[in-house]
Amino acid sequence: MEKKIRVLVAKPGLDGHDRGAKVVARALRDAGFEVIYTGLRQTPEQIAEAALQEDVNVVAMSILSGAHGHLFPKVVNLVREKGMDDVLIIGGGVIPDSDIPALKEAGIAEVFTPGTPTTDVVKFIKEHVKL
Amino acid sequence: MDIAEEVLKGNRLALSRAITAIENEYDEATEIMKKLYPRTGHAFVLGVTGPPGAGKSTLTDKLAREYRNQGKTVGIIAVDPTSPFTGGAILGDRIRMNGLTLDEGVFIRSMGTRGSLGGLSHKTADAVKAMDAFGKDVIFVETVGVGQSEVDIVKAADTTMVVLIPGMGDDIQAIKAGILEIGDVFCVNKADHDGADKLVREINMMLDLDDHGPVQQNSTQKALADQFHHMAVGGSAAAGNAPLGYWRPPVDKVIANQNIGVKELIADIEKHFAYIQANGILAERRTKRTKDEMLDILSSNIGKYITGKIVDNGRLDGYVEKIKARETDPYTVVGDIMKEMLR
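In order, the protein sequence lines correspond to chains A and B.
Numbering of the first sequence is given in this note's numbering, commencing with residue 1 and proceeding in unit increments.
Numbering of the second sequence is given in this note's numbering, commencing with residue 1001 and proceeding in unit increments.
Keep in mind the hints are simulated off the structure, nothing from the lab.
The beta carbon of each residue, even a glycine, is placed where N, CA and C say it ideally should be.
Where hints are given, some of them may not hold.
[What the hints assert, rightly or not] Listed below are several chain B residues computed to face chain A (Cβ distance under 10 angstroms; list not exhaustive):
#	residue
1	1019
2	1082
3	1083
4	1086
5	1090
6	1095
7	1097
8	1105
9	1108
10	1112
11	1116
12	1258
13	1260
Working from the sequences, and respecting the hints, build out all of it.
Right under this line is the structure:
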């Protein structure tokens, strides 16, 4: 019996590229996780449903455009509504420090901003994931 | 929640949890499978295989939409490779299927191969059963991008579609053994690219060399088979003069991302399924599948039981020391263990 950590890497909103999300996805792969990547321009509804069908332990979202304040909490609510109470939800991207407390309040377990070593993300997931 | 019961009631989260239990080989997985098994055997299982980048996921997306238009529910299991070095995986097939995510009649699950080398994971067949019991009418099993010899899909699928693209080698590739032997339906995708017609010709030449083998039939089956054969001839470019009651795999040209040729492809897939039903081939394949599956479970359980006993009571190290000292040999030791355990 093997409990493999499954992570949905998701890009909500209208960002034009996903370079950062791919770098993170690759780092998580190298850490031994199964990474489900769904590509650019996902709605919160799509992300929550993909999380359900894939039975992931972690949802890792990235936003560069500034829409995090609206979209991150929406995903949290939708995921919880589907009965996935123990899924760890984290965020990253271009996010001002001043926005972080509100995101955490809304249920984002941690926010990783530009310059974060990918090893920090891996470490955080390993320490906080519920299997 | 009782996962199996909830699956049978149509609870999607339960289906998702059941597949996780199966994949991770949790203790409760066997109990779940026991409860689901009586409700399996209704779905049509379509295997989709081919080299990386051939368009398997894009085609699966388009075919799934067609089935949805027909009012059928769809399950999709998409397998991608697990790293043999880290155990990690990038499962990226959903990227081509985002339009299906919010359709409640579709359930998509990505799986890593987790060490299996045949193009699927060891647990794919059980995941198919979970979706079958859940009530899906059509279940797609999309393999990893295969090379030449990953042919496990034929054991899991009722109809196997091989997706190829032009530009991957000369005509000698087409007569090699392996994945080109397993196609019930061939699809040449990206047919707007150079070399598509040549590839179709090469596959057709290869298929015309096949002996499609006589099929044992009763009169009803024969009448049905003749009828379907007739349809198959009408539907594919080079079905030629194959004897009645044989299936000559059609070769369809498709441009998946423009949705061109998809309707014709699905018609051929359905013809094949009708054909194997009418000929008793489906029943035969499912009998063989059941037999293989039972033997697999049996040998795996016996293996685990005996190995567990030897490791748990610490006898393994003692044997190893004796074998290393050449006082005995592994063959004798295993023979003794078998005699003792299976008395």
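Here is how each hint holds up against the structure:
1. Below 10 angstroms, beta-carbon pairs count as interface contacts, and residue 1019 (chain B) has one with chain A at about 7 angstroms; its hint therefore holds.
2. Taking 10 angstroms as the C-beta contact cut-off toward chain A, the hint placing residue 1082 (chain B) at the interface holds, the least distance being around 8 angstroms.
3. The interface hint given for residue 1083 (chain B) is met, as the beta carbon of that residue sits about 7 angstroms from the closest beta carbon of chain A, less than 10 angstroms.
4. The interface hint given for residue 1086 (chain B) is met, as the beta carbon of that residue sits about 5 angstroms from the closest beta carbon of chain A, less than 10 angstroms.
5. Taking 10 angstroms as the C-beta contact cut-off toward chain A, the hint placing residue 1090 (chain B) at the interface holds, the least distance being around 5 angstroms.
6. Checking residue 1095 (chain B) against chain A by beta carbon gives a least distance of about 4 angstroms; that is within 10 angstroms, so the hint holds.
7. Given hint, residue 1097 (chain B) at the interface with chain A, holds; its Cβ is 9 angstroms from that chain's nearest Cβ, closer than 10 angstroms.
8. For residue 1105 (chain B), the suggested interface contact is broken, since its CB lies about 13 angstroms from the closest CB of chain A, more than 10 angstroms.
9. Because the smallest distance between the Cβ of residue 1108 (chain B) and any Cβ of chain A comes to about 6 angstroms, under 10 angstroms, the interface hint for this residue holds.
10. With a least beta-carbon distance of about 5 angstroms to chain A, the hint placing residue 1112 (chain B) at the interface is held under the 10 angstroms criterion.
11. For residue 1116 (chain B), the interface hint is violated, the least distance from its beta-carbon to any beta-carbon of chain A being 13 angstroms, above 10 angstroms.
12. Because the beta carbon of residue 1258 (chain B) sits about 19 angstroms from the nearest beta carbon in chain A, more than 10 angstroms, this interface hint is broken.
13. Taking 10 angstroms as the C-beta cut-off, the interface hint given for residue 1260 (chain B) is violated, the closest approach to chain A being about 23 angstroms.
When each numbered hint is compared with the structure, violations occur for hints 8, 11, 12 and 13.
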